[in-house]
Amino acid sequence: MDAMQYEAPGSVDEAVALLAAADGAAWVLAGGTDLLVQLRADLIEPGLVVDIKGISELRAITPENGGFRIGAAVTGAELGEHEGVKAVWPGVVEAMELIGSVQIQGRATLGGNLCNASPAADSVPALIAAEALCSVVGPKGRREVAVAEVATGPGETSLGPGEIVVDILLPERPARAADAYLRFIPRTEMDIAVVGVAVSLVLDERGVCAQARVALGAVAPRALLVPEAAAALIGGTVDDDALERLAAAARAACRPIDDMRGTVAYRTKVAGVLARRAAGIALARARSE
Amino acid sequence: MAKYHVSTSINDEAVEFLCEPQQTLLDVLRDELQLFGSKEGCSSGDCGACSVMLDGRLVCACLVLGVEAEGRAVETIEGMAKGDQLHPLQQSFLEEAALQCGVCTPGILIAAKALLERNPNPTETEVRYWLAGNLCRCTGYDKIVRSVLAVAEEMRGG
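So the protein sequences, as listed, match chains A and B.
The first sequence lines up with residues 1 to 289 when you count with my numbering.
The second sequence lines up with residues 1 to 158 when you count with my numbering.
Hint data in this document are derived by calculation from the structure and do not stem from the laboratory.
Don't be surprised by glycine CBs; every beta carbon is placed ideally from N, CA and C.
Any given hint might turn out to be false.
With the Cβ distance kept under 7 Å, some of the chain B side facing chain A (calculated, not the full set) [as the list claims (entries may be wrong)]:
no., residue
1, H5
2, S7
3, V15
4, F17
5, Q22
6, F36
7, G37
8, G41
9, G48
10, S51
11, R57
12, L58
13, V59
14, L63
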């Protein structure tokens, strides 16, 4: 690393101005659990590093219209300690909490996990299933983007020069609604998802699934929303037949790679298994609402 | 290259240092402040040998920039014993032989102390999950886990 410059602005406008004026490489530093590793390994060019942790609104979790606006620099540990978010969006919280060790949880952020754009990012399928929106601020002002539109491929995002994800909005939930996230890794901790599956669903008074969203991670260049998988659940009581159709749709959506963590065939099979299990957990949670 | 001037607190003492922007907190502790207790293992946040507390959170010092310590409170293994009085975890690790080469030990002690402050009565499973970010290639972990559980009981007055 050489020619690095560090700035810790106190406002979003200041951060955007710094990034927009950067001559060469410029990086947003939130938790640093990806950025500092990439810098250290010479995977990215050093340059301007803008630390956004000094911006108070990016560190806050704010209730909003029955949902929650979560600052991009909120850490996994802080999210996991927030009883309000846990109660309404347990799947999002469990996905974020799966990332790394206690040490990583003390630093890693929801915004960082999103913008690092790993296909295997644990929080992203859960945020997509939750239909979360993020606020992006840049030189041209503020815009709202669906979380699913942020990553465009491994390490690539749709953010323009000088743009920062400042917060993520988890919407309000009706009664009898719940979400769940499951991932498969070869050990019980400290690994990267071979497959991740998030399921979010809403039941009506009769226990019929009225709405559902299913998202897959680590089986394509970016996390995928799978409407065919959700369609298998909607309109029924999430019985065994629906779960099998869900699994088949999840498998059909997979476009994974072969690597040391799993083959194409293995990832595809596991996606179906995890989809069934995650739907079962979401269903049980929604019924106990 | 211009150096950054950082004012921070390390083990409850006000400390000022100069560092380059790319230096990690671990680099600063070891190379600028001669605090050699925190170890460098992987430099990628996997092994936990550099575990320290930053504003009361357990973190890997290799994943924090030195400049980020400005205005914050850092606790390292050097602050764990009070003079000659070892922390009960340190004493127990000695008595139970919960270390062999010792490279992972400072990080594990810091992490275990953070666990017991949050959860004075952890189960064995909770201890193992909490310490999953601290790798030890010598002990097989059993003695470490047993030591932590024994100290938890002792500190609860059991």
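Hints versus structure:
Given hint, H5 (chain B) at the interface with chain A, is violated; its Cβ is 12 Å from that chain's nearest Cβ, farther than 7 Å. A least Cβ separation of about 13 Å between S7 (chain B) and chain A goes past the 7 Å threshold, and the interface hint is therefore violated. At a threshold of 7 Å, the smallest CB-CB gap from V15 (chain B) to chain A is about 19 Å, leaving the interface hint violated. This hint is violated: F17 (chain B) has a C-beta 14 Å from the nearest C-beta of chain A, more than the 7 Å allowed.
Because the closest C-beta pair between Q22 (chain B) and chain A is about 4 Å apart, less than 7 Å, the hint holds. Evaluation of the F36 (chain B) hint against chain A yields a violated restraint, the C-beta minimum of about 20 Å exceeding 7 Å. Checking G37 (chain B) against chain A: minimum C-beta separation of about 16 Å lies over 7 Å; hint violated. The restraint placing G41 (chain B) at the interface with chain A is violated, with a minimum CB-CB distance near 12 Å, outside the 7 Å limit.
At its closest, the beta carbon of G48 (chain B) sits 6 Å from a beta carbon of chain A; the interface hint therefore holds under the 7 Å criterion. The beta carbon of S51 (chain B) is positioned within 7 Å of a beta carbon in chain A (closest approach about 6 Å), and the interface hint is therefore held. A distance limit of 7 Å between C-beta atoms decides the matter here; for R57 (chain B) the minimum to chain A is near 4 Å, and the interface restraint holds. A least Cβ separation of about 5 Å between L58 (chain B) and chain A falls short of the 7 Å threshold, and the interface hint therefore holds.
A distance limit of 7 Å between C-beta atoms decides the matter here; for V59 (chain B) the minimum to chain A is near 5 Å, and the interface restraint holds. Annotation: interface hint on L63 (chain B) holds; nearest CB of chain A at approximately 5 Å, less than 7 Å.
Hint violations for this structure: numbers 1, 2, 3, 4, 6, 7, 8, all remaining hints satisfied.
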